[in-house]
Amino acid sequence: MTLPPLPPFDESAAITKVRMAEDGWNSCNPEKVAQAYTPDCRWRNRAEIFRGHERVIEFLTRKWARELDYRLIKELWAYHSNRIAVRFAYEYHDDTGSWFRAYGNENWEFAENGLMRQRIASINDVPITKQERLFHWPLGRRPDEHPGLSALGL
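Heads up: the sequence shown is residues 1120 to 1273, going by my numbering.
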């Protein structure tokens, strides 16, 4: 299986890859998201370190069971050859109705077939009020006309 664009990345390909990842994660579909990774992919997400599709699906299933009304924006930070660095923010609420905005950075490494083989994420959560929310599109893909992180001052 291949998932274009393929490395080595130029700026346009890196931007496309970032948007594809954002769209996948905004689907909140663990099986769909896992398809973008190599079967033996390595992840570090906050303090969790694991490997492989099954663990990705388990992790994302748990994540989206507790992070409700999840909306994410990713933005390209840098790229080189088969690596992309991304900054992101997402908003969600928990089962008590408390809202949060999570800020983070990801380092990605891709296999020759365009699947991600390594994802390293550092993330911080900040409590926000419902009125402080900035991500107001319907659940799913962020509309093209919705501002990105830089335009929102994040």
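Don't read these hints as lab results, they were simulated from the structure.
Ideal Cβ positions, reconstructed from N, Cα and C, are used throughout, including at glycine.
Any given hint might turn out to be false.
Taking CB as the label site, the calculated pair distances span [to be verified]:
no.	residue 1	residue 2	range
1	Glu1130	His1265	15 to 23 angstroms
2	Met1120	Pro1246	15 to 23 angstroms
3	Thr1248	Lys1182	33 to 41 angstroms
4	Thr1135	Glu1173	24 to 32 angstroms
Taking the CB of Thr1135 and the CB of Glu1173, does the distance hold inside 24 to 32 angstroms? Holds: the Cβ-Cβ distance is about 28 angstroms, inside 24 to 32 angstroms.
Is 15 to 23 angstroms a correct range for the gap between the Cβ atoms of Met1120 and Pro1246? violated (40 angstroms)
Is it true that Thr1248 and Lys1182 lie within 33 to 41 angstroms of each other by Cβ? For Thr1248 and Lys1182 the Cβ distance comes to about 22 angstroms; the hint is violated.
Okay, Glu1130 versus His1265 on CB: inside 15 to 23 angstroms? Since Glu1130 and His1265 have Cβ atoms about 21 angstroms apart, the given range 15 to 23 angstroms holds.
Checked against the numbered hints listed earlier, the structure breaks hints 2 and 3; every other hint is satisfied.
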